[in-house]
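There are 2 protein chains.
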Amino acid sequence: MELTHRQEQIIEIVKENGPITGENIADRLNLTRATLRPDLAILTMAGFLDARPRVGYFYTGKTGSEIISDQVKKLKVRDQHSVPVVVNDQVSVYDAITTMFLEDVGTLFVVNHQAHLVGVLSRKDLLRAAMGNQELSDVPVHIIMTRTPKIKICYKDDLLVDAATKLIENQIDALPVVVEREDGQEVVGRLTKTNVTKAFVDLVRDE
Amino acid sequence: MELTHRQEQIIEIVKENGPITGENIADRLNLTRATLRPDLAILTMAGFLDARPRVGYFYTGKTGSEIISDQVKKLKVRDQHSVPVVVNDQVSVYDAITTMFLEDVGTLFVVNHQAHLVGVLSRKDLLRAAMGNQELSDVPVHIIMTRTPKIKICYKDDLLVDAATKLIENQIDALPVVVEREDGQEVVGRLTKTNVTKAFVDLVRDE
Chain F
1 MELTHRQEQI IEIVKENGPI TGENIADRLN LTRATLRPDL AILTMAGFLD
51 ARPRVGYFYT GKTGSEIISD QVKKLKVRDQ HSVPVVVNDQ VSVYDAITTM
101 FLEDVGTLFV VNHQAHLVGV LSRKDLLRAA MGNQELSDVP VHIIMTRTPK
151 IKICYKDDLL VDAATKLIEN QIDALPVVVE REDGQEVVGR LTKTNVTKAF
201 VDLVRDE
Chain U
1 MELTHRQEQI IEIVKENGPI TGENIADRLN LTRATLRPDL AILTMAGFLD
51 ARPRVGYFYT GKTGSEIISD QVKKLKVRDQ HSVPVVVNDQ VSVYDAITTM
101 FLEDVGTLFV VNHQAHLVGV LSRKDLLRAA MGNQELSDVP VHIIMTRTPK
151 IKICYKDDLL VDAATKLIEN QIDALPVVVE REDGQEVVGR LTKTNVTKAF
201 VDLVRDE
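Line by line, the protein sequences are chains F and U.
Under UniProt numbering, read the first sequence as residues 1 to 207, first letter to last.
Under UniProt numbering, read the second sequence as residues 1 to 207, first letter to last.
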């Protein structure tokens with residue numbers, strides 16, 4: 001949304017003098033109230049200004065990009081995540097690598113005998129292990145996994161943008177989506193950079 | 001941006017009857033032209049309607065999400081990509097894995113003696129090789145890499161959303177950003193799901 005020169009002038013006036021009446025803004029621009037009405041309506045509609053009866057217009061502090069941001073903030077983890085792929089903490093590194101290829105995922109979640117989250121295995125972890133001198137069928141995954149409490153998690157109701165920020169800040173490819181249980185966390189999903197990339201593409205593809 | 005009932009009525013009228021004059025829309029709604037002016041201004045401003053002098057209003061076919069989409073389409077690969085990490089096609093798989101860990105990237109690009117792109121190595125390719133029975137220092141990367149013309153590439157001037165779509169559709173983590181040279185392609189960047197995830201986060205963080 002591109003603003004006209006006059007609309008930008010109006011925003012400046014309201015920023016400095018708000019709350020201010022429409023009459024008053026018109027005076028400052030040497031225009032009639034009627035001439036200004038469409039501009040005020042547009043700016044209010046688009047969220048730049050807000051109006052209160054008998055008080056006047058005031059600046060909401062919202063910019064064009066904030067209006068996009070409001071849309072992006074409607075996206076939740078629950079709308080985007082994938083099915084999790086889990087392995088038991090007693091399986092071998094060899095079996096974990098096989099599972100990773102079979103399921104074609106970049107991250108595996110590791111659970112204990114109660115099916116609660118205890119670790120995460122990335123392709124990088126498995127590649128590092130594969131480069132070692134150990135026999136991969138003899139090493140259980142709990143030896144090489146990243147373990148709780150170092151694991152970053154997310155919930156279905158989290159904002160997608162918050163989960164995406166965690167991925168970036170922690171330099172990881174995936175977050176387990178968990179549900180809190182009495183004595184641990186159950187893994188119910190997998191939120192990856194692929195999910196975020198898809199959501200980004202969908203912002204455009206919806207048209 | 002939420003439309004009022006009247007604004008939605010106007011869009012419907014223009015959709016069915018456009019091009020149509022403001023007077024004519026007003027008649028159909030039993031309103032005066034003056035009453036309608038702010039709504040028509042808003043709808044034109046926001047991109048739902050377009051107006052041509054002496055012709056009237058017509059429907060652009062744009063929806064609210066298309067207006068977001070217009071913003072997202074301003075993002076180019078050149079604004080988001082990372083530095084590429086390249087290896088020569090004669091280096092060993094062992095050295096490539098070491099480079100991947102040292103540079104902390106998920107994808108390496110392979111170049112020939114002219115520094116032109118000939119292949120791509122993903123963590124998955126290297127993990128698969130590491131699981132094999134070969135001595136990794138004896139195998140050159142050109143044996144295991146994905147090679148041209150099977151490689152997907154992008155250019156600096158491509159839309160970010162088009163590059164993101166390539167990543168999703170081809171189920172890959174990164175695209176080389178290339179410049180066409182007389183006898184090949186020079187690699188000038190690396191466009192990853194991390195770059196797209198960052199761009200997604202920035203849509204909100206700009207506020």
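If you're looking for bench data, these hints aren't it; they were derived computationally from the structure.
Mixed in with the good hints there might be a few duds.
As the list makes no split between identical chains, a pair holds if one copy fits it or if it spans any two.
Derived pair list, reagent style BS3-like, types lysine-lysine, alpha-carbon separation capped at 27 Å [to be verified]:
{"no.": "1", "residue 1": "Lys-150", "residue 2": "Lys-76"}
{"no.": "2", "residue 1": "Lys-124", "residue 2": "Lys-15"}
{"no.": "3", "residue 1": "Lys-76", "residue 2": "Lys-15"}
{"no.": "4", "residue 1": "Lys-152", "residue 2": "Lys-76"}
Original post:
Okay, which hints does this one fail, numbers in order?
Top reply: Checked against the structure, the hints that fail are numbers 2, 3, while the rest are satisfied.
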